[in-house]
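So the protein sequences, as listed, match chains G and E.
Quick note: the first sequence uses our numbering, first residue 176, plus one each step.
Quick note: the second sequence uses our numbering, first residue 176, plus one each step.
Just so you know, nobody snuck in bad clues.
Since copy identity is lost for identical chains, a pair holds within one copy or between any two.
Computed list of lysine to any residue pairs in SDA-like fashion (alpha-carbon distance at most 25 Å, straight line):
id, residue 1, residue 2
1, Lys-254, Lys-361
2, Lys-547, Lys-563
3, Lys-563, Thr-478
4, Lys-268, Asp-493
5, Lys-254, Leu-345
6, Lys-427, Gln-459
7, Lys-361, Gly-437
8, Lys-563, Tyr-574
9, Lys-400, Tyr-573
10, Lys-563, Asp-507
No lab work stands behind these hints, which were simulated from the structure alone.
Number of protein chains: 2
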Amino acid sequence: MSNCLIAQSGGPTSVINATIAGLIKANQQNPVYEHVYGALNGIEGILMEKFVDLTNLPEEEIRILMQTPSSVLGSCRYKLQRDNLEDHKKLIKIMTDYDIETLFYIGGTDGMDTVAAMAEYAREQEITDRRFVGCPKTIDNNLVLTDHSPGYGSAAKYISAAALQSWLDLNVYTRPEVFILETMGKDSGWLAASACLSGIVDILIVPEVPFDQEAVLARVRECIKEKNKCYIVVSEGAQYADGTYLSSDKAKMAAFGYTFSGGASAMLQNLILTTNTASRVRVQDLSVSQRCNILGRSLTDVTEAFRVGEIAHKYSRDKSFTGKMITLKRKDTKKYAVDYASENASEIAGQVHTIPEEWLLAGNCGITEEAKEYLRPLIEGSPERVMKDGLPAFVKPYYLR
Amino acid sequence: MSNCLIAQSGGPTSVINATIAGLIKANQQNPVYEHVYGALNGIEGILMEKFVDLTNLPEEEIRILMQTPSSVLGSCRYKLQRDNLEDHKKLIKIMTDYDIETLFYIGGTDGMDTVAAMAEYAREQEITDRRFVGCPKTIDNNLVLTDHSPGYGSAAKYISAAALQSWLDLNVYTRPEVFILETMGKDSGWLAASACLSGIVDILIVPEVPFDQEAVLARVRECIKEKNKCYIVVSEGAQYADGTYLSSDKAKMAAFGYTFSGGASAMLQNLILTTNTASRVRVQDLSVSQRCNILGRSLTDVTEAFRVGEIAHKYSRDKSFTGKMITLKRKDTKKYAVDYASENASEIAGQVHTIPEEWLLAGNCGITEEAKEYLRPLIEGSPERVMKDGLPAFVKPYYLR
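Could you build all of it, start to finish, from the sequences and the hints given here?
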C-alpha cells in the first residue's frame with residue numbers, strides 16, 4: 176500500500192483543517208493509503224521533506240482539528256519554478272522516496288495552478304503512479320466551476336454578524352455618522368456582499384463595479400439626510416474604471432495630493448471628510464479576523480469542508496484521478512443541499528469567479544434577493560464546540576511542535 | 176403605584192440590554208412599578224420626554240433582548256449642566272409629571288456621576304420620592320468598588336478569541352513577522368490584558384505602565400530571534416511616563432517628525448518598521464466589534480448583567496435606596512460565584528479601577544497566573560441563542576421604531 180500527503184497553501188480559513196480531518200477520517204474508515212502524511216508549509220515543506228504522520232490521529236484530536244481555524248500544517252506562497260523543471264523533478268523524486276501516490280493540495284487558485292502543473296508534468300513524463308488532487312479553500316469564494324468554496328461560508332457569517340453588530344453600535348448616538356466596514360476580496364466582492372445578509376447595508380462597493388465617486392458621495396448625502404446614518408461596506412479590491420485600486424498610493428495622490436496608510440476604507444473616509452459629505456466617519460477593517468474566526472463559524476461550511484476531504488479521498492481511489500479539484504454542485508431542491516464532483520484544476524487556475532452582474536443592485540445599493548438566497552444557506556448553523564477555559568479548544572499547529 | 180424609568184448612557188456593550196431585560200422581568204414577577212418606561216438616548220431623551228413602555232414586553236421579546244448587543248434604548252454623551260441646575264430641575268419635573276419614582280441608569284463612570292448628582296440634588300431639595308439607581312456597565316472594567324462590571328466579560332472573551340485566532344493566522348507563514356492587536360481601554364488595561372487568556376501574548380502594553388520604547392523594541396527583537404514571530408497587544412490608552420498617549424499627534428511628531436492616522440498600534444508599527452526592529456508588521460484594531468459582539472458572548476457576563484437588573488429592581492423597593500450603584504462581590508469559594516451589593520455612586524464617579532501592579536509581569540511580559548484566575552471565570556460559557564437565517568435574532572432598537 177502506498178501513502179498520501181496533505182498540504183495547505185495560500186491564506187488560511189476557519190475550516191481549512193476540517194478538510195484535513197475529512198481526509199484522515201476517510202482513510203481511517205477505508206485505509207486506501209498506509210500512511211497519511213502532512214507536509215509543513217505547503218510545497219515549501221514538501222521540497223524540504225518536512226512531514227508529520229497523521230494516519231492514526233485519535234478521534235478526539237480529529238474533533239478538535241475540525242474546530243481549529245487557520246492552517247495547522249502551515250502555509251506558503253511558494254510558486255513552482257516555471258523557467259526550469261527542477262522543482263517538478265524534485266517533488267516527484269520526494270514522492271517516490273516516500274512512496275507517496277497522491278498529493279492532496281488544499282488551496283485557492285494558486286494551489287490549483289500547482290495541482291494542474293504537477294499533473295501535467297507527470298503526464299508528460301509518463302509517470303502514472305504520482306497523482307495530484309486539489310481541495311478548494313478560499314474565503315474569497317473566487318474559484319470557478321464550483322458553486323462556492325469551503326472557507327467562504329464562515330467568513331461570510333463573521334462579516335454579516337460584524338456588520339449587524341457595528342450597525343447596532345453606530346445607531347446608539349443621535350449624531351450624524353458614517354460607518355465603513357472593510358472586508359478582504361482583492362478581485363471579487365463576495366466577502367463584502369455577504370455583509371448584506373445583515374439587512375443593514377446602505378452602500379456596497381465591490382471590485383466588480385467601477386467606483387463612481389460622485390454617485391457614492393451623493394448616496395452618502397441622501398442617507399445622512401434621510402436617517403442621519405450611512406453604513407458602507409467596501410472590498411479591499413474596490414477600484415476605479417481603469418483598474419486602479421482605491422487603496423493604492425496612486426489613487427490617494429490623485430485625490431488628495433498626499434498618501435496615507437490604510438486601505439480602501441481609509442481612502443473613502445478621507446474622501447467623505449474632505450468633501451464635507453459627512454462630519455464623522457468611523458472605519459473598521461476586519462483584517463485577518465474574517466479568515467480565522469474561531470467563535471462564529473458556519474455549520475454548513477464546516478460540514479462541507481470535512482466532506483470535501485472525504486470525497487477527495489474517495490475519488491482518489493480511481494487510479495486515473497489526477498489534476499482535478501473537488502467541486503460543490505448545488506442541488507436543484509427547495510431545501511439547500513450539495514453534490515460533490517470534480518473539474519480540471521487547469522480550468523480553475525488563473526480564473527476568477529465574480530458576482531454575477533444581475534445580482535448587484537444599481538447605484539451601489541447592495542445585492543438582489545436572489546443573491547441573498549444563494550448566500551443564506553452558506554452561513555447556516557453553528558457547529559458544536561469543545562471549549563476550554565472559556566475559549567474553543569484548538570490543535571497546536573504541527574509546525575510549532 | 177408609581178412608575179420607573181430605565182435609561183442607558185455611554186458606550187454600548189454586548190450585554191447592556193440584558194440588564195434592561197432583568198429589570199423588566201423582575202417587575203413582571205413582582206410588580207413594584209405600574210409602568211416600566213425606557214428613555215431613548217439616556218438623559219438627552221429623558222429631557223425630551225422620549226419614552227417607550229416596556230412593562231408588558233412578551234417573554235419571547237425579553238429573550239431576544241437578552242441576546243441583542245448595543246443599547247436598544249440608544250445612548251448619549253450628554254452631561255448634566257453643572258453651572259446651573261436647570262437640567263436637574265427639569266428632570267425632577269418630568270419624573271413628577273410621569274410619576275416616575277425610580278430612574279435606573281445603566282452606565283459607566285459618567286453615568287454614575289449623573290446618578291450621584293441627581294440623588295444629591297434631590298436630597299438637598301428634600302425630594303424623597305424621586306430616586307436614582309445606577310447599574311454598572313462598561314467593557315473597560317474600570318469601575319471601582321465592584322469586582323468587575325457587566326460588559327467586560329464578553330469583551331474579554333471576544334478579545335482573547337481574537338488574539339488566539341490571529342496568532343494561529345500569523346504563524347502559518349515562515350517569514351519573520353510582528354502582529355499588533357489594539358484594544359480599547361483609555362485609562363486601564365483590562366481589555367488588553369484579557370488577550371493574555373489566550374496564552375499567546377509576547378508583549379502587553381497597558382496604560383498602567385509607562386511605555387518604555389527601548390525595552391519594548393528589545394523584547395520584539397528577542398522574540399523574532401527566538402521564534403521568528405512576536406505578538407503584541409496594546410491598549411488604545413498606552414502612554415509615555417508624562418501621560419502623552421502613543422496615539423497622540425504630539426507623540427508621533429516627536430518620534431517621526433510627522434503625524435499619521437491611526438492609534439497606538441499604528442504608532443508601534445511605525446516604530447518597529449522605522450527602527451528596523453522587524454521588517455513586517457501587521458496591525459488589527461478591534462474597534463467597535465469588541466463592545467458589541469453578537470456571536471461570542473460570555474454566559475457569566477450575560478447572566479450577571481441580567482441579575483444586576485433584577486437586583487436593582489429588588490433593592491429599589493427600599494424607599495431610602497438612592498444614589499447607589501449595584502456592585503458585584505466575588506465570593507471566597509473555590510467555584511466562582513458572586514454576591515450582589517451596592518455602593519455610593521458618588522464614590523465610583525470619577526474614579527478608575529486599574530490593574531493591580533502586582534498582577535502585571537515585569538518587562539511588558541503579560542499578566543500573572545493570579546490575574547488569569549481572576550479573569551477566567553468572566554469569559555466562561557456560551558449563552559443559548561435564538562438564530563434567524565444564520566445570524567442571531569435581535570430586537571430592533573426602540574429609537575428606530
